[in-house]
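**Q** With chain B fixed as given, assemble chain S onto it according to the hints.
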Amino acid sequence: MSTAMPPLRPANGHAATLPAEKRDDIVVDCHIRELYYGSFKAVRDTEIPIRKNSITAFIGPSGCGKSTVLRCLNRMNDLVRGFRFEGHVRYRGRDIYAHGIDPVAVRRFIGMVFQQPNPFATSIFNNVAFGLRLNGFKGDRADKVEKALRAAALWDEVKDKLNKSGLSLSGGQQQRLCIARAIATEPEVLLMDEPCSALDPIATRRIEELMTELSQKFTIAIVTHNLQQAQRVADYTGFLYVDTTQGGRTGYLVEFNHSKHLFEDPQHPHTQQYIRGEFS
Amino acid sequence: MSSAAPVAEFPTSSPLFDARAGEVTQAPSRGQRIFDAVFRKTCHTFAWLTILLVGFIVARITAAAIPAIHTLGLGFVTGRVWDANAGTYGILAQIWGTIYTSVLALMLGSIFGVAAAIFLSEGFLSAAVFGALKKFNLHLKPVTLRLPDQLERLLKELIELLAAIPSVVYGLWGIFVVIPLIRPWCNWLHAQMGWVPFFSTDLSGPGVLPAVLVLAIMILPTVTAISRDALVSVPPKIRMAAYGLGATRWESLFAVILPAASRGIFGGIVLAFGRALGETMALAMLVGNSNQIKLSLFSPANTLAALLANNFPEAGPKEVGILMYAALVLLAITLVVNVAGAFILHRAALMQSE
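The listed protein sequences derive, respectively, from chains B and S.
Sequential numbering from 18 applies to the first sequence in the numbering used here.
Sequential numbering from 2 applies to the second sequence in the numbering used here.
Don't read these hints as lab results, they were simulated from the structure.
What you are looking at is a predicted structure, and each value in this text was computed from that prediction instead of being measured.
Fair warning: there could be bad hints in the mix.
[What the hints assert, rightly or not] Dumping the calculated DSS-like pairs for lysine-lysine here, alpha-carbon to alpha-carbon at most 25 angstroms:
1) S/Lys319 - B/Lys58
2) B/Lys161 - B/Lys234
3) B/Lys234 - B/Lys155
4) B/Lys181 - B/Lys155
5) S/Lys295 - B/Lys58
6) S/Lys136 - B/Lys58
7) B/Lys181 - S/Lys135
Pulled out of the complex, with its shape left as it was, chain B reads as follows (with noise of 0.2 angstroms):
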């Protein structure tokens, strides 16, 4: 860290404290010292809260870190060899890192969409269903898939053509094909990591609507590239930077608050530059 910098947060407590807020609705509460991928670190002091029915958005430059933050939170990062974690992930009250707790449990109650719509080359019922037979529900299984078609506003484009692959579908379709498999079994956190990135204005903007209806259900963290579309769906934005002091390129959190805040007034001069569209 350069010294011309001003502090990253304040002395009396890390930045992403929010005033007047209590701590007590925060479902998965985010701690990063320091991440490594074999001999490279990755990220380093990133505290994120993820606050229950809200939506949190991870912005910054590319190779700052967000996805790998993101990743972070459901494990999937340790699929990647030689990956290595300090710190904590807390999620329902236990370090998702500690001795003994199974990845993949992990994985099912906090669930993600991925950057390119990656349905399986099967047919769009089998594709929402298959988090259902993963997690051996006994129940009608038509009415969940159902549901979690219509919750991905895709139900009525497919209604009639259940049985045909999801590959069929549009580039849009697919990333809410994805969405209704990541719901279908209900889990109660949602991340997805550039969701949109992949997909044309009109398909962004579904997405977009289908993330703010899904933000009463379900808690969502989102990483994205595009500011306004943080700015426009986002309860709360996380601003991570790039420290190249040290050799390396570490990413780190700068700033975090309320997007309304963080847009309107943003306190540190990477965040204020990155805002006024300075560096991308």
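**A** Below, chain S alone, put in the same frame as chain B:
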């Protein structure tokens, strides 16, 4: 090219524009155009030559077989007795032996081949090696960093090396190693469970089982190499989707990755089946060359390829025609298998994109 050429074709007769002085961009030169045309023509010629060659081979075999087809007719394919002295020729037993040994070898080879492909493509080995290195805190050293992947590649190449062993060596190995090794077990099985059709005879030497075992090893590299390629080319995003939904490694493997790679794996199995049907030398040495149709794994049998190899040396003009007829039948079987395989693959592709 004449002016009647389709509009879409690149003009080869004159440059599109006259290059201005000092301009770097140029229309293709005369030399480039000639080279392009010659290259294209050469490729065409060789492609057609290959097709012509196949046609020529089939035509010559058919021509040589025509006298035998006239005299023996379809009875040749349905007859069970091959007795050159009595003048009776039937190849049903050989057809049975060909298909029976190939199918059994294919089942065995596919199970082990696909299992090996999974082991070598899904990172089981490299994860284990990485874990072991990590215990000694060696996993980030430059020397050992790439060791897991290198080991995996080494193993893959070792399996592919199985394809480089000559067929006659496999035959010898079968006679001197496999048969003595399995004989006591086979005879024990026959003694204990002789009522099971598969164990209804004893193994006195060459027979179906040793031939099947060796054949399975021979087709293993084909199945493994092609299946591994298919598994590796399953897009990572599909794997991530399965893991992201909370699937375990096995769940994602069986529910997502294997189905996505199934077409490639099936293609490999069809190719291996073709190889098994035509395999000659090892089978001629191991199968026993006895014309009988039995379910028993331990009885000797015969295959079309072995029949051809064994009978050509002392065949007169009439026998050559008959053997050509048998060769034509073998050709037809492999053709049917390949066409059926291609058809199933095509249907699977259609169903996946629908």
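**Q** Decide, hint by hint, whether the structure agrees.
**A** Status of each hint after checking the structure:
1. S/Lys319 - B/Lys58: violated (80 angstroms)
2. B/Lys161 - B/Lys234: Roughly 15 angstroms separates the two Cα atoms, so the pair holds.
3. B/Lys234 - B/Lys155: It holds: about 23 angstroms lies between the C-alpha atoms, which stays within 25 angstroms.
4. B/Lys181 - B/Lys155: With a Cα-Cα distance of about 24 angstroms, the restraint between lysine 181 of chain B and lysine 155 of chain B holds, given a limit of 25 angstroms.
5. S/Lys295 - B/Lys58: It is violated: about 67 angstroms lies between the C-alpha atoms, which goes past 25 angstroms.
6. S/Lys136 - B/Lys58: holds (21 angstroms)
7. B/Lys181 - S/Lys135: violated (46 angstroms)
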